[in-house]
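Protein chains: 2
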Amino acid sequence: MVKHACTKSDIAGASFSIHPMSDQFVEIIKGALEEADTTKVHMDTDDVTTTVRGKLIHVFDVTKAIFVHAAKTGKHVAFEATYSLGCPGDSKGEAYMAEDEIPLNAELVKDIKQPVAAKFSLYPLGGGNYMDVIYSQIEAMKQHVTVSHAHYATRLDGEAIAIFGGLEQVFKATVEGGSSHTVMTVSISANSPSHTGTDRDE
Amino acid sequence: MVKHACTKSDIAGASFSIHPMSDQFVEIIKGALEEADTTKVHMDTDDVTTTVRGKLIHVFDVTKAIFVHAAKTGKHVAFEATYSLGCPGDSKGEAYMAEDEIPLNAELVKDIKQPVAAKFSLYPLGGGNYMDVIYSQIEAMKQHVTVSHAHYATRLDGEAIAIFGGLEQVFKATVEGGSSHTVMTVSISANSPSHTGTDRDE
Chain A
1 MVKHACTKSD IAGASFSIHP MSDQFVEIIK GALEEADTTK VHMDTDDVTT
51 TVRGKLIHVF DVTKAIFVHA AKTGKHVAFE ATYSLGCPGD SKGEAYMAED
101 EIPLNAELVK DIKQPVAAKF SLYPLGGGNY MDVIYSQIEA MKQHVTVSHA
151 HYATRLDGEA IAIFGGLEQV FKATVEGGSS HTVMTVSISA NSPSHTGTDR
201 DE
Chain F
1 MVKHACTKSD IAGASFSIHP MSDQFVEIIK GALEEADTTK VHMDTDDVTT
51 TVRGKLIHVF DVTKAIFVHA AKTGKHVAFE ATYSLGCPGD SKGEAYMAED
101 EIPLNAELVK DIKQPVAAKF SLYPLGGGNY MDVIYSQIEA MKQHVTVSHA
151 HYATRLDGEA IAIFGGLEQV FKATVEGGSS HTVMTVSISA NSPSHTGTDR
201 DE
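Chains as they are written, first to last, in our numbering: chain A, 1 to 202; chain F, 1 to 202.
Treat the hints with caution; some may be incorrect.
[What the hints assert, rightly or not] The calculated BS3-like cross-link candidates involving lysine-lysine, where the alpha carbons are at most 25 Å apart (straight line), are: (1) A:113 <-> A:75; (2) A:72 <-> F:75; (3) F:72 <-> A:75.
In short, the hints are calculated from the structure, not lab data.
Start from the sequences, fold in the hints, and give me the full structure.
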């Protein structure tokens, strides 16, 4: 009987990939992974995705840093992630829950300018009363990024750092609003040669 | 007020990306999009993802064909998709629901050999009694592909055509089991230089 394996409710995690559209993809991925400080999360990399688990603040801090370090190479880089919190199941990675709340990468990457286009979808699978909280967080995001509709997703255009900040706030608001199992999928594109922001036919 | 835009319950769709880790990424993506016959789906491409919508059979047929055409170049190619059916909302793309059930690409790609590693997660958001159906579909998949646990996902190793076939069956079983809103996320990796299948630390 195969089930999706997931973690205890206080452990956040992300399964993500960095895809540099470049012949130097190995160097870019390895460089980004090395440049980020991942000591406050449990991290595994296999041939499909990298998994990070730990406190929510560190999961976002580490994934943001890895993406920004890859994107600042100037190559077209895509980031694909599923963030998750609250799926009952195994207990691996719990040791990392003893870490403090001080993100290790935030200060180092906060001034990196990297315009990106992103799409995210939020799936609050565990009940709760969060819709008003989510909407107010998305409204707050509009001060920093452009928010628009997309099929199966909400589109965000702006600086990578602001977008990751907004995504973290929306995710936190959903969890704190009572969703006992929250999933958020994110696609981000940096340095795309086809970026126009308006080349969609709708 | 921004909400995730989605479609009427009989329209299936996918928001997906092909990421060739190659300096020739533009040619590979464009070539794959041109090589696939997409006349039975509504398709939009922007700088983050491509959206296809129509009947379920054609959504899987087209995404499978585009991935296989990109992967057969031999380059390291990642495929990231969110399949969705049943989110109430707009009605665009409905015209394509008049198409017949004959997939246009299946015969053309069925003999292409392409070993891949994949991870998928299924989110049945709309109730229903489908768990037994899903498990039996996953059991059936084991005849053709290797199924294992992954964090936040189920891992599949095998031929791309068999894996897409299995994913389509699991998704259909969930919908037919009564889930009124079904979401499935899929990550697939082809021709990865780091593919070992066993380089995970767990």
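Evaluation of the provided hints:
no., hint, in the structure
1, A:113 <-> A:75, "holds, 14 Å"
2, A:72 <-> F:75, "holds, 23 Å"
3, F:72 <-> A:75, "holds, 23 Å"
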